[in-house]
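Q: Chain by chain, the residues:
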Amino acid sequence: MGMKLAGVMFLVMCIMGGIGYWYYNDTQQRMAILQENNAKLEIAVETNEAALESLQTSYASAQAENTRLNAAYTSIRRQNQELADKLQKIDLTAAAIANAEGIERAVNRGTENAGRCFELLSGAELNEKERNAENGIAFNKECPWFYDTYKSRGLLNTATAD
Amino acid sequence: MRKLEWIVINEGNVDAVIARLAASGKPFAIYGLSGDGYGDLGLNFSDIRALVQQQQAIIAAYEGYYEQAEEAMDNAVIQD
Chain A
184 MGMKLAGVMF LVMCIMGGIG YWYYNDTQQR MAILQENNAK LEIAVETNEA
234 ALESLQTSYA SAQAENTRLN AAYTSIRRQN QELADKLQKI DLTAAAIANA
284 EGIERAVNRG TENAGRCFEL LSGAELNEKE RNAENGIAFN KECPWFYDTY
334 KSRGLLNTAT AD
Chain B
23 MRKLEWIVIN EGNVDAVIAR LAASGKPFAI YGLSGDGYGD LGLNFSDIRA
73 LVQQQQAIIA AYEGYYEQAE EAMDNAVIQD
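Protein sequence lines, in the order shown, are assigned to chains A and B.
Under our numbering, residues 184 to 345 are what the first sequence spells out, in order.
Under our numbering, residues 23 to 102 are what the second sequence spells out, in order.
Here chain A stands alone, though its shape is the one from the complex:
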């Protein structure tokens, strides 16, 4: 009877040991999978954070460029208005009647200067007179605002420009 009981007990212990062994292996496998998933999630989070940071930087730079562009537009509109303001103060017909030669010289000089503004806009190199100009009016009466642009880029002879 005792031997039979011992045999049954041994059998039960073997079954319990087998279940324990299976449970241990299964748990280890699950933990390995979970660790692997966790690592993947960490990488995904890092990638997302980098992408978010990149988008934020991109958005900020777009905003900064937009602000700069608006400022440039305001400045260009103001410059464009200058001639209209000037012409409102002058009666060209009366001036031509009063002093044809004088106005002829003025419009020829103005046309030459205006043409030079287009040349500078399209990337022409500065001539000696422009490089040595001491202010915007001496630089070019039709687009004096270029003086500051060229000065800030260090393209004028600073000894005379300052």
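The set of hints was computed from the structure by calculation and includes no laboratory data.
Misleading hints may appear alongside valid ones.
[Stated by the list, open to error] Each pair of labels, with its calculated beta carbon distance range:
hint, chain 1, residue 1, chain 2, residue 2, range
1, A, 315, B, 89, 30 to 36 Å
2, A, 314, B, 52, 35 to 41 Å
3, A, 318, B, 23, 21 to 27 Å
4, B, 95, A, 332, 27 to 33 Å
On a predicted model such as this, the values are computed, not experimentally measured, just so you know.
Glycine residues also receive a C-beta, built at the ideal position from the N, C-alpha and C atoms.
Since chain A is already given, all that's left is putting chain B on it; use the hints.
A: Leaving out everything else, chain B in the frame of chain A:
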């Protein structure tokens, strides 16, 4: 730009201008603009100049934006 010459004519100097042009040996023909017309021509050129400046400002803005965006992308790739 090509050099061009404006000739201003009024009632008082028209004969002298015709004589001057005749003396230069050129056939006499003049394209005329009134004072207001000349002013409008100047304003049109000013508008074109402003448009060119605006286009240049847009190009500069795009350039700045893409340079910074590329830098941000490079930094993100390095972080990965």
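Q: If a hint holds in the structure, say so; if it doesn't, say that too.
A: Against the structure, the hints come out as follows:
In this structure the supplied range 30 to 36 Å holds for residue 315 of chain A paired with residue 89 of chain B, their Cβ-Cβ distance being about 34 Å. In this structure, residue 314 of chain A and residue 52 of chain B meet the distance hint of 35 to 41 Å, their C-beta atoms being roughly 38 Å apart. A C-beta distance of roughly 23 Å is found between residue 318 of chain A and residue 23 of chain B, which places it inside the suggested range of 21 to 27 Å. Under the hint 27 to 33 Å, the C-beta atoms of residue 95 of chain B and residue 332 of chain A, about 31 Å apart, fit the expected range.
Violated hints are absent here; each numbered hint is respected by the structure.
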